[in-house]
Structure formats: C-alpha cells, structure tokens
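Chains as they are written, first to last, in UniProt numbering: chain Z, 1 to 273; chain G, 1 to 169.
Worth flagging that the hints you see were computed from the coordinates, not collected in a lab. Heads up, some of the hints might be wrong.
[What the hints assert, rightly or not] Result set (SDA-like, lysine to any residue): computed pairs, CA atoms no more than 20 Å apart in a straight line:
id	chain 1	residue 1	chain 2	residue 2
1	Z	Lys101	Z	Gln256
2	Z	Lys164	Z	Leu134
3	G	Lys80	Z	Glu9
4	G	Lys75	G	Leu7
5	G	Lys162	Z	Pro157
6	G	Lys80	Z	Asn71
7	G	Lys80	Z	Pro157
8	G	Lys95	G	Asn121
9	G	Lys162	Z	Glu249
10	Z	Lys80	G	Pro55
11	Z	Lys80	G	Leu57
12	G	Lys162	Z	Ala146
13	Z	Lys164	G	Asn121
14	Z	Lys179	Z	Asp74
These are the residues of each chain, in order.
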Amino acid sequence: MSQHIETAEQAKQDSTYLEALKELLFQLGDDDLIISFRGSEWLGLAPHIEEDVAYSSITQNTMGHAAMYYNLLDELGVGKADVLAHDRIPKQRRNGTYLEKRNGEGTYLEEPYYDWALAVVRNYLYEVFKKIKLEAIANSSYQPLAFVARKVLMEHPYHLAHWKLWMEQLQSATDESKKRINERVQEAWKEFEDVLELGPLANDMRSKQLIAIGEEEMKERWLEEVKSVLVDVPDSPLEKKYGNGRNGEHTTDLNQALDILSEVYASDKAAIW
Amino acid sequence: MSEIDRLEEITAVLKTVDDPELPSVSVYDLGMVHKVNVEEDTITIQMVPTFAGCPALDFIEIKVKRAIEELEWVKECHVKFTMEHQWSTEAITNKGKEELKKHGIAPPPENYRPGDEWSVNCPYCDSTYTSMENVFGPTACRSILYCHSCRNPFEAMKPVVKPQISMKK
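Next up, chain Z with everything else stripped away, as it sits in the complex:
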C-alpha cells in the first residue's frame, strides 16, 4: 500500500527516505533554476517583442517553480532558498548538463550571438520532460511535493504549448530554419540523457514511492512524445556527452552561469534585498 508522509518532521524520521527526497528536490529545483537563468539571458534579445514578453514570462514563472522546491528543502532543514540557489558549488548541483549549456557565442553584455534554434530545441525537449516528471510525482508519497507538482502542472501546459508551436513552425519554414533546428536536435541527442535520469538514489526514490516511474519509463515516455513533433528523429541512442549532472558532474558552462547568477548575492551574503 502507498505510504503518505504529510510533513517535513515525518520525512526526517527515515534517513533513507529523507536522502532520496532531498536528492529529488535538488534535481527539480536545479533544473528549473538553470534553464530559467539561461532564459533570463535572452531578455531583450528574442526574435521579436511579443516573444520577449512570452519567453520572459515563462522564465519568471519557472524561476518561481525552482523557488518552491528550494522552499520544500528549507522545510526539511537543508537551508534557505536564496542560499540553496546561490551558494552551492557546481559539485553540489544536480541539474542535467545539457540545461547549463551556454546560449551561444558571446556574453549577455558583449556581442551576444545567441542561437535561437538552441533556445527552441532545448526548451521544447525540457518542457516535455518536465511534464512527464511532474505527472510522476503528482501522487508522490511526500504530500507537500505532490501538492506543488499538481500546482505546477496547471501552469505548465502554457509553457509546453509555446515551445511546441515554435518547433512545429521552424521545422516547416525555410531550408535554413529546418537545418538549424535539426542540427540542434542531433546535438541534443548526444547531451540530453542525464536529464532523464534520477541519479544515484533512483531506487530509493522508487521504493519510497516518491516518484511513480523509473528512468527507463521516463525515457520511453519522453521519446514517444518528442517523436510526435520532431521531423527528423536521430537514429543514434541518447547519450550524456558531458557526464551525469545528477551525480554532480558539470561543465565549465555551469561555473560561468553561477558566477553571473550569484554576483550580487556574493557581494554581500548577509544583505537583505
């Protein structure tokens, strides 16, 4: 029978449960945090003004989702949301490596030659995955997490629909747009796999009923969904070229992101903003 853990205090009684729960919350929070950081770097640079409004709205909401997971960690005594977002070294981060990838060449302040094809492909692949993972925790044994997942699932359809529309349009527009999207899809196939994984405590997450499906089913569902939209589905299997972010392995792109994200926080850690 399914167990129900209603409060943080109850979760703390079982150390196996607690560790698996923390790991899952860090995956959820860190994924949303880093993809919304990369989204925030597009502010003012999107292809047209309506897209700027849409992308920044999605990004702001996604950052809010990350904050909710960090707040759940706070309730478990791990630390304040601001500290968790700003003050952890890359080795402690659990986001998928593909999500930390730079937006393109250049930097936000100087010559930002960002690639819109990467933004569209990355956000689409991520939002499909996010839906599947949220559905798998909507009945999590940890009730505070299940409530958050159900709430996010009510908002998420708008995010997914947005990126799906971009994918469909760019895959049926000009030769250039088709080529550029396809190149980014091919690239993603070599880098996306760890996003779909649950890390070293995957078995505990399953046995403690924190999540309803395992990695293999997650991958299957994700493939099934993205294949219905991708015009050219790569033949090769999924890979994690840059290592496994769920184990704390990351690229220098994450350092670059965290340096900018935490610049103000690091300038005075005790300040109240």
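Chain G: place on chain Z using the hints.
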C-alpha cells in the same frame, strides 16, 4: 464580540486588500483567501497563490498581514500561502469579474476544460470579434488581446484549471 462578528470583520478587511498588480481587485475577490482562523486576538489566514511562480506573493502576504493588524482587537496575524489547495480561475467571485473588466481585463471563461477552445469577449464593448495577440502578458496570469470591434487592446485572465492526468495508485 462574537466569533462570527470577528470573522465578518476580517472578511470585510480582506475585501479591501487589492492585488498589487490589479488595483481595485481584492485578493478576496480573486479567490486567493482559502481559510481564516480566529483564535481570540490571533488570526491565521491561509491563502492560495494564483500562479506558483508569481513574484508578488511576498508582497501580498505583507499587505494582508498589515491590513488585518490594523484592527484594534487583533494582536497578531499570520499569513501563509499553501499549495495544499490549488487555485483555479473558477475561484474568482462575480464582483472580482466585474472589477477585472473595469481594468480592461476580461475574466476567465466559465466551466473551462483543458484543451477546450477559449473565446474571449471584449471587456469594454462585449464584442466577440477579438484576437489573441500573445498568450503571455505582463504577469504570468494574463494574456494580451485586441478587439477588432472597438479597436482597443485589452488583457484576459488565462484559464487555469486542473489538467486531466491519470492518477495511478
């Protein structure tokens, strides 16, 4: 003062606390107040956020707390946002809908089901001859539209309802 009187007074105050992004539309009429608990001079208010990622939540929390603590007999008011209950656009009161219209914001459709087509009447002239300019608007909960009849741009609250997901036991 009886408990019922106290509760009434609290509710009256909540009807005066406006959403920071929507002056004249109260948090009460937006359906954000889930539960009020009165224990002598200590008040606990459970609220539900419209959008989870809404950056105005902290601000709303403080506004509500301050307004309630203005009441002479109240010693302390605790405000807490809870995820236990999910806000949906159906929680907006009729008064809330009228106030939204005055702001040029069309209220969300009634009895909306996920995936349904969504038609929006102009909040100014009630015409159905409108078009969606951007699903995303100035805040997470609003979209941008245009009325081809009275030629006004306007906004609409996005319908937010429970998706039908298979609930595996």
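Going down the list of hints, with the structure as the test:
no. : hint                 : result
1   : Z:Lys101 to Z:Gln256 : holds (10 Å)
2   : Z:Lys164 to Z:Leu134 : holds (18 Å)
3   : G:Lys80 to Z:Glu9    : holds (18 Å)
4   : G:Lys75 to G:Leu7    : holds (15 Å)
5   : G:Lys162 to Z:Pro157 : holds (11 Å)
6   : G:Lys80 to Z:Asn71   : holds (13 Å)
7   : G:Lys80 to Z:Pro157  : violated (27 Å)
8   : G:Lys95 to G:Asn121  : holds (17 Å)
9   : G:Lys162 to Z:Glu249 : violated (36 Å)
10  : Z:Lys80 to G:Pro55   : holds (17 Å)
11  : Z:Lys80 to G:Leu57   : holds (17 Å)
12  : G:Lys162 to Z:Ala146 : holds (14 Å)
13  : Z:Lys164 to G:Asn121 : violated (27 Å)
14  : Z:Lys179 to Z:Asp74  : violated (45 Å)
The structure shown violates the earlier hints numbered 7, 9, 13, 14.
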